Each structure stands twice: as structure tokens, then as C-alpha cells.
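Novice: The chain contents come next:
2 protein chains.
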Amino acid sequence: MKTVSTSKAHGGVQGVYTHQSKTCDCEMTFAVYAPPQAAQQPCPVVWYLSGLTCSHANVMDKGEYRQAAAEHGLIIVCPDTSPRGENVPDEADNWQFGSGAGFYLDATQEPWLKNYRMYSYLTEELPAIIAEEFPADMERQSIFGHSMGGHGAMTIALKNSGRYRSCSAFAPIVNPMTADWSSGAFARYLGDDSANWRSYDACALVEDGYRLDMFLLDQGDADGFLETGLRPWLFEEVCKKANIPLTLRMQEGYDHSYNFISTFMDDHLAWHAERLAG
Amino acid sequence: MKTVSTSKAHGGVQGVYTHQSKTCDCEMTFAVYAPPQAAQQPCPVVWYLSGLTCSHANVMDKGEYRQAAAEHGLIIVCPDTSPRGENVPDEADNWQFGSGAGFYLDATQEPWLKNYRMYSYLTEELPAIIAEEFPADMERQSIFGHSMGGHGAMTIALKNSGRYRSCSAFAPIVNPMTADWSSGAFARYLGDDSANWRSYDACALVEDGYRLDMFLLDQGDADGFLETGLRPWLFEEVCKKANIPLTLRMQEGYDHSYNFISTFMDDHLAWHAERLAG
Chain P
3 MKTVSTSKAH GGVQGVYTHQ SKTCDCEMTF AVYAPPQAAQ QPCPVVWYLS GLTCSHANVM
63 DKGEYRQAAA EHGLIIVCPD TSPRGENVPD EADNWQFGSG AGFYLDATQE PWLKNYRMYS
123 YLTEELPAII AEEFPADMER QSIFGHSMGG HGAMTIALKN SGRYRSCSAF APIVNPMTAD
183 WSSGAFARYL GDDSANWRSY DACALVEDGY RLDMFLLDQG DADGFLETGL RPWLFEEVCK
243 KANIPLTLRM QEGYDHSYNF ISTFMDDHLA WHAERLAG
Chain Y
3 MKTVSTSKAH GGVQGVYTHQ SKTCDCEMTF AVYAPPQAAQ QPCPVVWYLS GLTCSHANVM
63 DKGEYRQAAA EHGLIIVCPD TSPRGENVPD EADNWQFGSG AGFYLDATQE PWLKNYRMYS
123 YLTEELPAII AEEFPADMER QSIFGHSMGG HGAMTIALKN SGRYRSCSAF APIVNPMTAD
183 WSSGAFARYL GDDSANWRSY DACALVEDGY RLDMFLLDQG DADGFLETGL RPWLFEEVCK
243 KANIPLTLRM QEGYDHSYNF ISTFMDDHLA WHAERLAG
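If you read the protein sequences in the order shown, they are chains P and Y. My numbering applies: residue 3 is where the first sequence begins, and numbers increase by one. My numbering applies: residue 3 is where the second sequence begins, and numbers increase by one.
Think of the hints as simulated: they come from the structure by calculation, not from any bench. Any given hint could turn out to be false.
Identical chains share a label here; the pair holds if one copy fits it or two copies do between them.
The calculated BS3-like cross-link candidates involving lysine-lysine, where the alpha carbons are at most 30 Å apart (straight line), are [unchecked claim]:
1) K243 to K64
2) K24 to K116
3) K10 to K64
4) K243 to K116
5) K4 to K64
6) K242 to K24
Just so we're clear, the structure is a prediction, and the values are computed from it rather than from any experiment.
Excised from the complex, chain P in its bound form:
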């Protein structure tokens, strides 16, 4: 791991790091905020997964998470949203596919399968680095994210039972198999047989028996992607059928931007901190 930059913030350290990823076969960048408490003792880890077009940097700049993380003593890890680099296949003009649009899955189709392995990267390779390089208490982890990153957080949490104490999301894509901005990408990363898409779809995972009892979702009702891409009511339905407790809050007047995320960031971190205590 190489340190790109560190800067004191809210008593802790906001850092940016790179490493050569075996999983994604390219150099990957990620951001970690270590709260002041991390200088004394291991701290719980909260993973934040970002949305389409983002890198590690967007939420680091605009997410306003450091004050609450410092208050609650949480390490915040902000990974990139896809592999990147000269040798990584991409479609520069397509914001819903390739760079910035990894969809937190392991691709099975050529030419994507060699690099686009964000699921394995985030569940295996990067956690090992975090455990090694930071004062992280890996017995206490939670995960959250925005939009495509909400999808990532929910599917990763559902499939890794017992690893994350809680999962929350801002405006998540809850049913990417049928959402207009993701179904095309799923076909190209995973092939045409949509049976193979189910393990990367929060609604389908719940239907298929996966469980997590700690979900908090916030959704702005002025979000332009609400009807075609997000549709949190689909997740509400499957949770109801499966008797999974879910807190879904429709937030009046909020859009899909970081203004929405940053407004409810404190709430989400306080909620995770409660579940990570002790």
C-alpha cells in the first residue's frame, strides 16, 4: 500500500492510498478516515460504497462524514467504484458501464472478467489490507452506500451474513436486474441469462432466502431517478413477505445529490455506531 496523501480533519486523519490489486489486476485507489480514537485503540469499520461515475474522492469531498465519524470513533473506508487504468477495458462515453460503473459484482464475460471483480475485491482483498494497515476492529463492521453503492452495500451485506452488523443506504438501486440504468450493464458483465444476475440484486437475494435484520434506507422524493432506477418500494415488498424489518424513510424535497447524502450522513453514522457499540 502506498500513501498518496494524509490530512488532519476533525481530529483524525483523512488519507488516500493506492495498491496493486491482484483481484482487479490494476492499481486501485481508496480513501480511509481514521478518527482520533484510532490513535489509542482499534475502531469499528464502516464501508461507504459510492454511486455511478464516482471514485473514492466524491464522498470524501462532499459526504460530510468526518465530524460524525470522529464523534463515534468510526473508521470510514471509501473504495473506488470500478477498476481503472490503461490496461482496463472501458467505454469512455458510457457512464453506466465500465469505469465508474463496476456495480460491485464479479464479471463473468469477456473482456470484463479479468478486471471487473469489485465483489471479490471488496469482500476479500481490500478488507485484508484494511485489517493489516489500519487500527481496525474487523469484528465490528457495517456497510452503507449511495445509489449503485447502496445496491453494493445491500447485496454484500445480505451475502456475507454475520460480517456486517448493519447496512444502510441513500437512494439505493434495490432491483438492478430490472432498473433502466443497470440491466444493460448486468447483461454485459454477467451474460444474457438473468438467472445469473440474482446474486447481485437485493430484491432477488431476499426472495432467495438471504437475510439481514438491520436495514435503514433513506430516499428523497424529489429524486429524478426514483421511478425508473431506484423504486425502494420493491425492496419494501420483498422484506414484508420475508418478515425482514426495514426502516424506509421517504425524505420530502431531497434529490439524488450529495446535498441529500450529507444531510442524512450524521443519522446514518449514529445508527451504525449504536449497532457497532460493544
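Following the hints, position chain Y against chain P.
Specialist: Showing chain Y alone in chain P's frame:
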């Protein structure tokens, strides 16, 4: 005034606006955050002036001011740092002069004098627009800023006695006449006679009898510009001689970035809010 964008944030509205400026003879962009209280009643106005290379957008993205502004019911105005546009003279490769480096003065030298009039723009034209277009209580104003914007806030507050109830700054350039990143720009905007620079220099203004009793300055001691560009001890000296109360806080380990600004943003806004109450 044209609305570029609005977005709900922390219960209020973060907007970006443009207008054709007579003072700067070009289109100018600025950001305004209107807190939730502004829907019911006029609110005090706090001006935030940004540093070198910035536009209105940097602090809007990274400054983390909205939560505290919403709490205290403050309108936050974030202007640009210079005129901009095809017809505005500039030096594209020079980050210390021209675009992004207006230094909050009225230039007197060709070819800069036609557009580079940020002092008049910020003390006359833009306040009139804010008073007209927003629910602003112009009897209650304060001003703050970062680096070059700290210089702007301090000199504007000193020269407009009675207009601003308080002035604070993050890592301000307190003596731009002698600082390495500003003296060259002063010579080109204002001519070689440094007697004409004194009205845009906080230290010189205090020496020349200008007064403001409400100053709060924060300065990171890991700031790479501390010794050559910032030197807050120079302002401390002149304030001591002039019997001006000054709170100067050296903040251990903080650099010159928005991580420093955002860490102390709540403090500054709470401090201004106290002085703007009633």
C-alpha cells in the same frame, strides 16, 4: 439573476446563481445557502470569501457549512474569487494572478482595471442583489474566509466599519503587501507604488487606524504556507499595538486544505451566530 441550480440540503436550499455584473463587466457566479428559517423570516447573512484558485464551488462542495447554517439560521453567500470569461484578461498558467486570484481589490492598472474590481463588486453590487433576491436581513451581516479570502474578509470588514458584526478567517494572508504569493499581484493590479497597496492589507489598515473589535483567526501549524505567505503573528503584533482584541488560535497538525476549514467551520459559524443574534 439567473438560477443555475437549487438542491435541498439540511432542510434549506443550496443554490447557484449567475448575473451580468456591471462592476466586473462579465457574468459572475455565486452560491447561496438559504437555511430552513429563511422560508419564514429574514435571516442574517454571512459572507464566505474563498482562497486562490477557487471559485464559488469549492467551499460549497467541501466546506461543510450547511448543517451549522441550518442550525443557526444563517444565509451563507459564497462569491467567486475573480471575474471570469472570454473577454476578461487572464494568465492561464499563473495561479497567483488573474482568474481565481482577484485578491478582493479594485485594480487601477491596464488591462486589469476594467474587470478586476472584486472590492466594489462585493461591497456594493452583490450585496444589493442579495438584499433584493433573498430573505436577507442586511442589518445583520458577518464575513469570513480562507487564505486570500481571509485577507478579503479582514480588509473589507476593516474598511466598512459598522457593516459587519464580526469577522473570522481560516489561515488568512494578513500582510499581502509582503507575502510572497501576493506582492507580485499587488504590483500588477495596483501599480508599483506600494503606498497604494495599504488599503488592501489588513496589517497596514490597522496601522492606518482602521478598527474592528470582533476578530477570530484559526491557523494550522502544519500549513505549508505559514512562514512565507500567512504569518498571522504580524497581525497579532499590529492588533496588540492598536489595542484591538484578537483571538488567534494555532491548531496543531492542521494543513491549508478544506479538511482544516471544515473542521473549524462549526466553531466559526456558532461564533458569528452569537454576534448576529438579536
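Novice: Run every hint past the structure and note whether it holds.
Specialist: Now for the hints, and whether the structure bears them out:
1. K243 to K64: neither (37 Å within a copy, 42 Å between copies)
2. K24 to K116: within (10 Å within a copy, 57 Å between copies)
3. K10 to K64: both (16 Å within a copy, 14 Å between copies)
4. K243 to K116: Answer is neither: 38 Å inside a copy and 69 Å across each miss the 30 Å cutoff.
5. K4 to K64: Both. Shortest intra-copy (24 Å) and inter-copy (25 Å) distances satisfy the 30 Å Cα cut-off.
6. K242 to K24: Result: close neither inside a copy nor across copies, 40 Å intra and 60 Å inter.
Comparing the model with each numbered hint stated earlier shows that hints 1, 4 and 6 do not hold.
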